[in-house]
Amino acid sequence: MNPRRLFLALAAAASLNLAQPAAAQEPPVIAAASDLQFALEEIAAAFTAESGQVVTLSFGSTGNFARQIREGAPFQMFLAADESFVFDLARDGFTRDEGQLYAEGRIVIQVPEGSALAADGTLESLRLALGEGRITRFAIANPEHAPYGKRAEEALRHAGLWEPIQPFLVLGENVSQAAQFALSGNAEGGIIAYSLALAPQLESQGSYALIPAEWHQPLLQRMVLLKDAGPVAEAFYAYMSAPGARAIMDRYGFTLPQG
Amino acid sequence: MDWTALTLSLELAAWTVAILLPVSVLAGRGLALARFRGRGAVEALVMLPLVLPPTVFGFYLLLVFGRNSPVGALWQATFGHQLVFSFEGLVVASVIFNLPFAIQPAQRGFEAIPADLREAAATCGMSPLRSLWKVELPLAWPGLVTAMVLTFAHTLGEFGIVLMVGGSIPGETKTIAIAIYDRVQAFDMGAAGTMAAALVAISFSAIAVTFVLSARVGRRLA
Numbered sequence: 001m002n003p004r005r006l007f008l009a010l011a012a013a014a015s016l017n018l019a020q021p022a023a024a025q026e027p028p029v030i031a032a033a034s035d036l037q038f039a040l041e042e043i044a045a046a047f048t049a050e051s052g053q054v055v056t057l058s059f060g061s062t063g064n065f066a067r068q069i070r071e072g073a074p075f076q077m078f079l080a081a082d083e084s085f086v087f088d089l090a091r092d093g094f095t096r097d098e099g100q101l102y103a104e105g106r107i108v109i110q111v112p113e114g115s116a117l118a119a120d121g122t123l124e125s126l127r128l129a130l131g132e133g134r135i136t137r138f139a140i141a142n143p144e145h146a147p148y149g150k151r152a153e154e155a156l157r158h159a160g161l162w163e164p165i166q167p168f169l170v171l172g173e174n175v176s177q178a179a180q181f182a183l184s185g186n187a188e189g190g191i192i193a194y195s196l197a198l199a200p201q202l203e204s205q206g207s208y209a210l211i212p213a214e215w216h217q218p219l220l221q222r223m224v225l226l227k228d229a230g231p232v233a234e235a236f237y238a239y240m241s242a243p244g245a246r247a248i249m250d251r252y253g254f255t256l257p258q259g
Numbered sequence: 001m002d003w004t005a006l007t008l009s010l011e012l013a014a015w016t017v018a019i020l021l022p023v024s025v026l027a028g029r030g031l032a033l034a035r036f037r038g039r040g041a042v043e044a045l046v047m048l049p050l051v052l053p054p055t056v057f058g059f060y061l062l063l064v065f066g067r068n069s070p071v072g073a074l075w076q077a078t079f080g081h082q083l084v085f086s087f088e089g090l091v092v093a094s095v096i097f098n099l100p101f102a103i104q105p106a107q108r109g110f111e112a113i114p115a116d117l118r119e120a121a122a123t124c125g126m127s128p129l130r131s132l133w134k135v136e137l138p139l140a141w142p143g144l145v146t147a148m149v150l151t152f153a154h155t156l157g158e159f160g161i162v163l164m165v166g167g168s169i170p171g172e173t174k175t176i177a178i179a180i181y182d183r184v185q186a187f188d189m190g191a192a193g194t195m196a197a198a199l200v201a202i203s204f205s206a207i208a209v210t211f212v213l214s215a216r217v218g219r220r221l222a
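Chains as they are written, first to last, in the numbering used here: chain A, 1 to 259; chain B, 1 to 222.
Calculated directly from the structure, the hints in this document are not laboratory data.
Using N, Cα and C, we set each Cβ at its ideal position, and we do this for glycine too.
You may find that some hints are simply not true.
To be verified - Restraint ranges, calculated between C-beta atoms of paired labels, are given here:
#1 A:230 - B:69: 25 to 33 Å
#2 B:7 - A:46: 24 to 32 Å
#3 A:200 - B:67: 36 to 44 Å
#4 B:129 - A:51: 58 to 66 Å
#5 B:42 - A:67: 29 to 37 Å
#6 B:130 - A:41: 56 to 64 Å
#7 A:51 - B:141: 49 to 57 Å
Said to hold, decoys possible - Below, a sample of chain B positions facing chain A; criterion: calculated Cβ distance under 8 Å:
#8 62
#9 63
#10 66
#11 69
#12 82
#13 84
#14 85
#15 167
#16 168
#17 170
#18 184
#19 185
#20 186
#21 187
I would like the entire structure built from these sequences, with the hints used as guidance.
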């Protein structure tokens, strides 16, 4: 076969194979805020055990997912860490409706073992360490697009620490990466989601303390079905309000809406 | 070990190589032989992805292939789904981003062929195509193999673009490099370590293969 014909044959094969739409029975992909990293994995496992149906989870920052949904990302359901993103998507016609509240999140200060900081929810230890120059790095999620980062900023502002801590901040792309930074041993600590601090994978690596809820806007977490949600996504959406899922969310420190 | 992600990465690399092999033969040979005004500009354009930050590239891909762009809209109308956040989108991105890795070594391979050899082939009455097949490719193939191995290995490792235009969808756009990033964020250092080691092994073998092949060719020609 001459090279040109070979090229055409390859190109034809490529377009044929690539043009096939995703199989209808493939599990729906669900976009979830990273504070749900561990809780939702458990819920998805319980959902599969009870219903025999499978969902695929993708974790990231709420703001990034909202942008990707606008660009046409093929998610069927979106669990945001902040409801404003869901309302914006609903207003612009990307969702079925305005969804429903599924949890309220909290933030904690998390410090690794051997840190110069104490896990102190009033951030007094942080204030002291900043004054004495004992901080090298402090991790939060990126406030630009991660709701937990925004709330961390508000809490730091409330404590009057936002300006002095600027040179030391490292920003995670989402709250899960912020937690990874905080516990990596390369930072004195960070402000992360309570739900992550309670995860078995993190609990052994340091200590944490809740930051008063009045110090920041509430983390009202809303979920919504997107325009092309199928029956499995619908079932999972409904399952989030079932007792099994609620028990898991409760165990991960989420405050649950009346159900 | 995330086998879905590894398979996806290997598939992506295979598609990229399959599409870029004929491109590298044609473009590599063309750039090696042709003398035309603006050749320097074409070469510079081909090399651009080498120095461009992947995020810059990803940003423009989002603009050009996004659902609000003409290209994105045409794709949506033809295939019924988005180009961005799909495997096909990754293939397109990967093909463009690997142009320098595919074309540059191929071009060097063709440049190494003495001009009189090609002229002798023409004198013997060989058509350009036959000359390419019988004379030039047998001599230029180490360059082509290097090009394809580099393309393959580079595709496996690509991260920035995939992060920007992929969306980390398992089985669709979550490549092995993204899976490693994901696992680190999930505090699963064990799985991240296994996958990272697998990538080191694959990349090392790929490079070793090119070295062995080109050494063998060097002996044969000597």
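Right, here's what the structure says about each hint:
At roughly 27 Å, the beta carbons of residue 230 of chain A and residue 69 of chain B sit within the given window of 25 to 33 Å. For residue 7 of chain B and residue 46 of chain A, the hinted distance range of 24 to 32 Å is satisfied, since their beta carbons lie about 28 Å from each other. Between residue 200 of chain A and residue 67 of chain B the beta carbon distance is about 40 Å. The supplied range of 36 to 44 Å therefore holds. For the hinted restraint 58 to 66 Å between residue 129 of chain B and residue 51 of chain A, the CB-CB distance of approximately 60 Å keeps it satisfied.
The beta-carbon spacing between residue 42 of chain B and residue 67 of chain A, approximately 35 Å, falls within the hinted interval of 29 to 37 Å. Between residue 130 of chain B and residue 41 of chain A the C-beta distance comes to about 60 Å, which sits within the given range of 56 to 64 Å. Remark: the range hint 49 to 57 Å for residue 51 of chain A to residue 141 of chain B is upheld by a beta-carbon distance near 55 Å. Checking residue 62 of chain B against chain A: minimum C-beta separation of about 7 Å stays under 8 Å; hint holds.
A least Cβ separation of about 10 Å between residue 63 of chain B and chain A goes past the 8 Å threshold, and the interface hint is therefore violated. Taking 8 Å as the C-beta cut-off, the interface hint given for residue 66 of chain B holds, the closest approach to chain A being about 5 Å. With a least beta-carbon distance of about 10 Å to chain A, the hint placing residue 69 of chain B at the interface is violated under the 8 Å criterion. For the restraint placing residue 82 of chain B at the interface with chain A, the shortest Cβ-Cβ distance is roughly 4 Å, inside the 8 Å limit, so the hint holds.
Look at residue 84 of chain B: its Cβ gets to within about 5 Å of chain A, closer than 8 Å, so that hint holds up. For residue 85 of chain B, the interface hint holds, the least distance from its beta-carbon to any beta-carbon of chain A being 4 Å, beneath 8 Å. Hint on residue 167 of chain B holds. Least Cβ distance to chain A is approximately 5 Å, under the 8 Å limit. Taken as an interface hint, residue 168 of chain B checks out: its beta carbon lies about 5 Å from the nearest beta carbon of chain A, inside 8 Å.
Among the interface hints, the one on residue 170 of chain B holds; its C-beta lies about 5 Å from the nearest C-beta in chain A, closer than the 8 Å criterion. For residue 184 of chain B, the interface hint holds, the least distance from its beta-carbon to any beta-carbon of chain A being 6 Å, beneath 8 Å. Contact between residue 185 of chain B and chain A, as hinted, is supported at the beta carbon level, the nearest pair being about 4 Å apart and thus within 8 Å. A distance limit of 8 Å between C-beta atoms decides the matter here; for residue 186 of chain B the minimum to chain A is near 6 Å, and the interface restraint holds.
Evaluation of the residue 187 of chain B hint against chain A yields a held restraint, the C-beta minimum of about 4 Å falling below 8 Å.
Consistency note: the structure conflicts with the earlier hints numbered 9 and 11.
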